[in-house]
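Trainee: One letter stands for each residue in the lines below.
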Amino acid sequence: MKLFLKIWRQLNASSKGEMVNYEIDGISEQMSFLEMLDLLNESLIQLGERVIEFDHDCREGICGQCGIMINGRAHGPLKHTTTCQLHMRSFKDGDTIYIEPFRAAAFPILRDLKINRKSFDAIITSGGYINAGTGQAPEANSIPITYEQSEAAFDTAACIGCGACVATCKNSSAALFTSAKVTHLSLLPQGQLEASKRVIAMVRQMDAEGFGSCSNTEACEVECPQDISVLSIAKMNYEYNKAVLLKK
Amino acid sequence: MKKIDSKIPEGPLADKWNNYKAKAKLVNPANRNKLSVIVVGTGLAGSSCAASLAEQGYNIKSFCFQDSPRRAHSVAAQGGVNASKNYKNDGDSTFRMFYDTIKGGDFRSREANVYRLAECSASLIDHAVAQGVPFAREYGGYLNNRSFGGVQVSRTFYARGQTGQQLLLGAYQSLLRQVNTGKVTMHTRHEMVELVVIDGKAKGIIARNLETGTLERHEADAVVLATGGYGKVYYLSTLAMGCNGSAIWRAHKKGAYMAGVSWIQFHPTCLPQHGENQSKLTLMSESLRNDGRIWVSKKVGDDRLPNSIPEEERDYYLERRYPAFGNLAPRDISSRAAKERIDAGFGAGAMKNAVYLDFSKAIIAQGVDKIKAKYSNLFSMYEKINGIDAYKEPMLISPAAHFTMGGLWVDYELMTTIPGLFALGEANFSDHGANRLGANSLLQACVDGYFIAPYTIPNYLSGELKTDKITTDHPAFAEAEIAARRQLDRFLNTKGKFSADYFHKKTGKLLYEKCGLSRSKENLEEAIISLKLLKESFEKDLLITGDDTLNSELEKAGRVADYIELAELMCHDALQREESCGAHFREEYQTTEGEAVRNDSDFCYVSAWEWKGAQQPPELYKEPLTFESVELAVRSYK
Numbered sequence: 001m002k003l004f005l006k007i008w009r010q011l012n013a014s015s016k017g018e019m020v021n022y023e024i025d026g027i028s029e030q031m032s033f034l035e036m037l038d039l040l041n042e043s044l045i046q047l048g049e050r051v052i053e054f055d056h057d058c059r060e061g062i063c064g065q066c067g068i069m070i071n072g073r074a075h076g077p078l079k080h081t082t083t084c085q086l087h088m089r090s091f092k093d094g095d096t097i098y099i100e101p102f103r104a105a106a107f108p109i110l111r112d113l114k115i116n117r118k119s120f121d122a123i124i125t126s127g128g129y130i131n132a133g134t135g136q137a138p139e140a141n142s143i144p145i146t147y148e149q150s151e152a153a154f155d156t157a158a159c160i161g162c163g164a165c166v167a168t169c170k171n172s173s174a175a176l177f178t179s180a181k182v183t184h185l186s187l188l189p190q191g192q193l194e195a196s197k198r199v200i201a202m203v204r205q206m207d208a209e210g211f212g213s214c215s216n217t218e219a220c221e222v223e224c225p226q227d228i229s230v231l232s233i234a235k236m237n238y239e240y241n242k243a244v245l246l247k248k
Numbered sequence: 001m002k003k004i005d006s007k008i009p010e011g012p013l014a015d016k017w018n019n020y021k022a023k024a025k026l027v028n029p030a031n032r033n034k035l036s037v038i039v040v041g042t043g044l045a046g047s048s049c050a051a052s053l054a055e056q057g058y059n060i061k062s063f064c065f066q067d068s069p070r071r072a073h074s075v076a077a078q079g080g081v082n083a084s085k086n087y088k089n090d091g092d093s094t095f096r097m098f099y100d101t102i103k104g105g106d107f108r109s110r111e112a113n114v115y116r117l118a119e120c121s122a123s124l125i126d127h128a129v130a131q132g133v134p135f136a137r138e139y140g141g142y143l144n145n146r147s148f149g150g151v152q153v154s155r156t157f158y159a160r161g162q163t164g165q166q167l168l169l170g171a172y173q174s175l176l177r178q179v180n181t182g183k184v185t186m187h188t189r190h191e192m193v194e195l196v197v198i199d200g201k202a203k204g205i206i207a208r209n210l211e212t213g214t215l216e217r218h219e220a221d222a223v224v225l226a227t228g229g230y231g232k233v234y235y236l237s238t239l240a241m242g243c244n245g246s247a248i249w250r251a252h253k254k255g256a257y258m259a260g261v262s263w264i265q266f267h268p269t270c271l272p273q274h275g276e277n278q279s280k281l282t283l284m285s286e287s288l289r290n291d292g293r294i295w296v297s298k299k300v301g302d303d304r305l306p307n308s309i310p311e312e313e314r315d316y317y318l319e320r321r322y323p324a325f326g327n328l329a330p331r332d333i334s335s336r337a338a339k340e341r342i343d344a345g346f347g348a349g350a351m352k353n354a355v356y357l358d359f360s361k362a363i364i365a366q367g368v369d370k371i372k373a374k375y376s377n378l379f380s381m382y383e384k385i386n387g388i389d390a391y392k393e394p395m396l397i398s399p400a401a402h403f404t405m406g407g408l409w410v411d412y413e414l415m416t417t418i419p420g421l422f423a424l425g426e427a428n429f430s431d432h433g434a435n436r437l438g439a440n441s442l443l444q445a446c447v448d449g450y451f452i453a454p455y456t457i458p459n460y461l462s463g464e465l466k467t468d469k470i471t472t473d474h475p476a477f478a479e480a481e482i483a484a485r486r487q488l489d490r491f492l493n494t495k496g497k498f499s500a501d502y503f504h505k506k507t508g509k510l511l512y513e514k515c516g517l518s519r520s521k522e523n524l525e526e527a528i529i530s531l532k533l534l535k536e537s538f539e540k541d542l543l544i545t546g547d548d549t550l551n552s553e554l555e556k557a558g559r560v561a562d563y564i565e566l567a568e569l570m571c572h573d574a575l576q577r578e579e580s581c582g583a584h585f586r587e588e589y590q591t592t593e594g595e596a597v598r599n600d601s602d603f604c605y606v607s608a609w610e611w612k613g614a615q616q617p618p619e620l621y622k623e624p625l626t627f628e629s630v631e632l633a634v635r636s637y638k
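Chains as they are written, first to last, in the numbering used here: chain A, 1 to 248; chain B, 1 to 638.
FYI, nobody ran anything at the bench for these hints, they're computed from the structure.
Possibly wrong hints are sitting among the right ones.
In silico SDA-like cross-links for lysine to any residue, where the CA-CA straight-line distance does not exceed 25 Å [to be verified]:
#1 A:79 to B:388
#2 B:352 to A:79
#3 B:622 to B:600
#4 B:16 to B:33
#5 B:506 to A:90
#6 B:384 to A:245
Rough simulated footprint, nothing fancy, chain B against chain A, three-plus residues with beta-carbon under 8 Å [to be verified]:
#7 116 to 125
#8 209 to 218
Every residue gets a Cβ at the ideal spot worked out from N, C-alpha and C, and that includes glycine.
I would like the entire structure built from these sequences, with the hints used as guidance.
Mentor: Below you can see the structure in the form of structure tokens.
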């Protein structure tokens, strides 16, 4: 198939970007979206031009490094799919596709479609863990966890940290990302002791990184590749309010 | 000539690790702040090592080429992690796990290392649970297990089909916790381009900041490479696009030996290649073989759709050749059997490069709901990629390059032949012999990083307290930086006609044909010549656009340059080893029925190779393997 692409090109964080038109032919429907971009880059190299920079790594939907706005939707038209899992059979001959980076003040653009998501690491660094040093652990089965509890914790632990939730949110809020980790750890008995301290630190860091507030539009849940529920945001708010109220 | 000493501790097998720990030298807590360690790579091995050393009080500089340490490819492991907890009361023990692993590796690994791996496995599960890793549970609240290929007990712990992701997030969180304490400095989007060796010891690295292109000098008292495997040398593989062998290869060129280089595991259940522009062969979990039957048509070049090929015209070749194990034969054997059928012209699919994995019988026997409950995520992944409903039509699968048993040669302390340079996880060669068992790779990466390196690295560091501190003004840093700069300039100035990917694909195709699932003297000799020609072509025909700032093509060029050289060493290694063992199958050494023939009298050793320069063949050193606790046996799955 033949496609008309409008792709965001931007040299660095401080320069002004623009949409640039490209045409590409000979795309088969079995190709993945990123393989289509590989092919376009190969043709740019042959023309002596700089390639389009985009982030990707595992190409099987788990590392969370890819992430592009495709026709205005994070990771493209399919639900619960990462950009790398999107295939060209979702498009048809003659389509025009708009390709842009994830946009948020806390995700500055590095070049073209590549962004900086260090703000996510900063949120985890502020407290997104259990303080268990190597060598301190008790026998694993001494901490029984019900099947339901463990599965519920897993539902949020599955977050891949791609940032689609932020890119989709009109406020660029990182509430879904932050709440996923808060919920994962606060649902488990191992994580209870530090739950209050953790949620306060993480929420403060989230605000400090320049993410917007959550206004409950639930748009993030729709685009989340791991189908993480917005109920985790409610859980985070509950944990946060409880922590603030009970703080000594 | 460097001596090759594996430094196995004295004593009976079961006491060796305790003996080592009892005698290992320590560093006083007050002195640890004076010592620093560079850890390259943030997968399970790198993150766990960096976090554990930082907890002890050492200063750590951690590097990864990805945008966050959480992206490292450990994240993609699906199935599980083995541990001899014996929670199922089904006869598991440290010795049993040790034996399964050493047999699975076709008796080409060190007894002492493998025993230690099994010994430390239980602590890993304890630690991961303490970190909050949501392993599968039974309704009573205790941990659940499942069984994996090549063993007769249930010792695999799992977190849905995302065990690697959950273990990695546990290690990543421990790492960032130490970033918060200030003991770890994180350098994301940085790639190691040179190792700095001073007075024979590893003392630092040159790293390229991939956001700006700047070359940076970093010094330390020891350097750890935990950079994963090099299976991406085949281009089409189950690995992430950025996975590379550059850090270990550059260390190799500075004097670290490489061992078991050609031992590459081909995973039997991957999605086949469908076209020339494909970038990746996605893995489908091995667990599918529990209910799926593998077959091809009995007719060469059969163009019929699978569902219109009648039962009597189907060849269930694994069941036919290995009736005892059938569709659950080990990975190396299943992959080879598939290749045999495909090469003989019985392959399925548009490119005739695949075999069928058929669930129709299981669906009739168990009902579609049961199959859905077990595999729905895999079936939907298959449909996402291929647009085919595997409940109605057999899956098409094919073997793909997956895991590298080979890597940097390390002694019992995980130290390479360069003092102060350690290699952890898949980057070293140590524990899997010639074939890795399923669910042992996550284990090895974690055990190396959490439980072994935190003893062996301080043992080395204790001697470094007294040596003079080196700064990045040392001429060795300048020299290494100039070498790195020169290479980058050369890539940018070659102005040839082919992209880095072009050369990468050529290397991969050549290896699949000549040094893949089966090898022969003739093919390997041809491959060595072809790789030399490819290298010459790379040096004059490479075309890199853009400049020396943020430039993914320039990153690729460095990795491909290393892959071409590494591929040649793989062929030398495969050529020299005149036997078939594990994943290494030499066509000359097989029975009349096509089974592998190992040669214990001549090849019961580890091949460790020294780099002698681009114009010289590598030099071989042999580390004999002695077996005191097990008897060498022929692996049979018939």
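Trainee: Hints first: check each against the structure and report whether it holds.
Mentor: Now for the hints, and whether the structure bears them out:
no.	hint	result
1	A:79 to B:388	18 Å, holds
2	B:352 to A:79	32 Å, violated
3	B:622 to B:600	14 Å, holds
4	B:16 to B:33	30 Å, violated
5	B:506 to A:90	30 Å, violated
6	B:384 to A:245	46 Å, violated
7	116 to 125	holds (count 7)
8	209 to 218	violated (count 0)
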